[in-house]
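Chains as they are written, first to last, in the UniProt record's numbering: chain D, 1 to 157; chain Y, 1 to 498.
Keep in mind that the hints are not guaranteed to be accurate.
As the list claims (entries may be wrong) - Derived, one-sided and incomplete: chain Y residues facing chain D with beta-carbon distance under 8 Å:
hint, residue
1, 336
2, 340
3, 386
4, 400
5, 417
6, 420
7, 427
No wet-lab data here; the hints were simulated from the structure. From the three backbone atoms N, C-alpha and C, an ideal C-beta is built for every residue, glycine too.
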Amino acid sequence: MRVNDAVLGVILLLLAGTMIWLTTYFPSFPGQDYGPALFPRLLGGGLILCALLLIRRGHAARRAGEGWVTLAPWWSQPGLVVSFLAMPLAVLAYLFFADALGFIPLAFALLLALFLWFGERPLRALPVAAVATLLINWFFSDMMRVPLPRGLLTGIL
Amino acid sequence: MDAVLTAFGLVFDPSVLLVILAAAVFGMFVGAMPGLTATMATALLVPVTFFMDPVPSLGAIVTATAMAIFAGDIPAAMLRMPGTPASAAYADESFLMTKKGQLDLNLGVNVVFSALGGIVGVAFLVLCAPALAELALNFSSFEYFWLACLGLTCAVFIGSGNPVKGFVSLLFGLSVGCIGIDPAAGVPRFTFGNVDLMSGVNFIAVMIGAFAVSELLRGGVELHQVGHVVVPQVGNVFRGVAGVLRRYWLNFVRGSLLGTLIGALPGAGADIAAWVSYAVSKRFSRTPEKFGTGHLEGIVEATSSNNSAVAGAWIPALVFGIPGDSITAIVIGVLYMKGMNPGPTVFTENPQFIYAVFIIFVLANVVMIPLGWAAIKSMKQVLRIPRTLLLPLILLFCVVGAFAMTNSSYGIVLMLIFGVLGWFMEENGIPVAPMILGLVLGEMLEQNFMTSMIKADGAWLAFFERPIAGSLGVMTLLVWLLMLVRGARTALRRPAAA
């Protein structure tokens with residue numbers, strides 16, 4: 001997804017503007033000339049400078065015939081778009097359901113779904129998803145003492 | 001001397017050696033797998049090494065990266081698919097050699113010269129780092145401020161073809177680094193009352209996102225474009241390598257030296273070292289017309305160069321706490337997590353750790369030859385692992401790893417945001433490495449800047465009064481001026497061309 005430089009520039013301008021505006025709420029200390037707002041303001045200034053250069057460049061590219069947004073050819077194939085979104089969606093699903101379901105059931109389900117979507121045979125996807133989930137759970141939860149959510153299995157584990 | 005002996009004791013502990021061996025195998029695998037990079041290997045290792053002692057965790061990172069940079073050469077030669085970006089510079093040349101039936105010699109040269117180049121890099125690390133550390137002990141906030149500025153500027157200057165986008169990436173990284181408690185006054189900034197944001201942005205989680213998840217996003221789309229691959233047969237890879245060393249020793253020496261230097265410059269790592277060395281080799285070759293036809297000369301120089309860069313990058317990381325590439329940026333994070341603040345004081349307070357890193361580096365480059373041989377021989381099996389299984393597995397590993405960094409879903413959120421952002425940046429030609437360097441160095445830069453400002457009390461000349469600070473400052477300003485002039489020249493030339 002290529003975006004015209006001018007669009008990037010405008011986004012950066014908004015971002016830098018917000019950042020500088022937020023620094024006006026930072027406390028200042030009497031007798032101290034250089035407070036916590038100084039460094040972010042300098043960075044914001046630098047970003048604004050870059051943003052202006054990008055906007056100029058983006059306009060030149062527009063005149064040369066570049067679109068605002070240029071999508072790679074695969075965006076017109078729904079299957080590939082789902083393949084692209086599958087992994088971020090899996091992470092979102094993990095974020096929303098991890099506490100309720102627990103690591104083991106959720107990780108197994110997500111792995112299996114991704115394997116099958118990417119075209120793996122169920123006969124191979126099932127055992128790999130099961131073994132991988134248990135191995136990762138063993139390594140991180142038992143060996144490294146990372147508090148992976150237990151969810152449904154709270155009483156059992 | 002005591003510290004050296006302690007270091008030997010720390011490294012040659014059976015459990016540490018086992019960790020190093022496992023990391024070596026892991027590095028070989030990640031490097032040999034096209035689409036997985038050495039930086040990704042490091043980012044994935046951090047959660048695993050999080051709970052280990054400093055020596056095994058640093059050892060794992062050193063070994064895995066050295067192996068991965070070599071192993072990237074194998075699929076480049078066999079299939080014209082560089083395993084890591086560091087092998088991209090000579091992937092075509094290697095593959096042409098394979099087509100001419102010289103695969104064995106090519107792989108032999110790659111493994112032997114990678115190891116030798118790595119050892120040259122380590123030699124410079126061992127020689128230069130302690131001497132520089134001694135010098136750096138006298139540094140004040142002014143020197144560190146300019147050093148960080150110069151380093152970050154170099155990262156933009158070398159690392160990207162487009163300085164404006166490089167600066168955007170850097171400034172954005174520095175801005176993200178401002179989130180959390182401000183290092184000088186202790187005031188929370190941009191936290192919106194959120195407890196997670198108060199602790200700052202965990203940059204290991206960010207790196208897992210920017211370097212691993214963004215690759216996975218690309219990989220998900222390309223999954224079905226990679227057809228079945230045929231791995232050619234490999235014979236005796238070491239035959240004829242000695243002859244190559246006699247013939248091209250100058251290329252080896254030049255490649256290793258240049259690689260170490262480029263590695264030591266902040267922001268440029270093994271991949272850029274390989275590109276530059278390949279170009280230098282062609283420029284000074286007596287037979288430049290042979291380049292691009294399956295010629296060994298450039299491969300010798302570039303493969304030595306990328307491995308020496310791996311060690312070179314550790315010089316500024318250990319001495320000044322300024323990473324030489326994105327791998328050492330992660331290392332700096334690991335050092336902070338282990339309570340060893342990188343900088344010259346580590347050399348006086350914990351010299352045994354420094355010596356242990358040196359020993360592990362030598363060890364890694366020595367075991368590279370037998371392990372590399374094994375990796376070459378088992379390439380068929382490695383490439384048989386279906387990517388349909390591999391990508392989701394890596395994703396799950398990333399999720400758990402990011403979670404482990406904060407012990408909350410905050411790490412996963414960061415990983416997801418920066419994964420998508422990293423993908424978007426790459427699509428738009430904005431380099432990711434300056435952002436990471438900015439994020440890692442932001443606090444140090446600001447702290448030294450604020451301290452210097454308060455000390456100088458408005459007298460700007462104070463930034464140039466001390467001899468080293470003055471020289472560094474002038475150098476930084478010169479690089480900025482050079483960039484401005486270059487930018488202005490292209491801006492003036494463009495309307496004329498259009």
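**Message:** Under the constraints set out in the numbered hints, which ones does this structure not fulfil?
**Reply:** 1, 2 and 5
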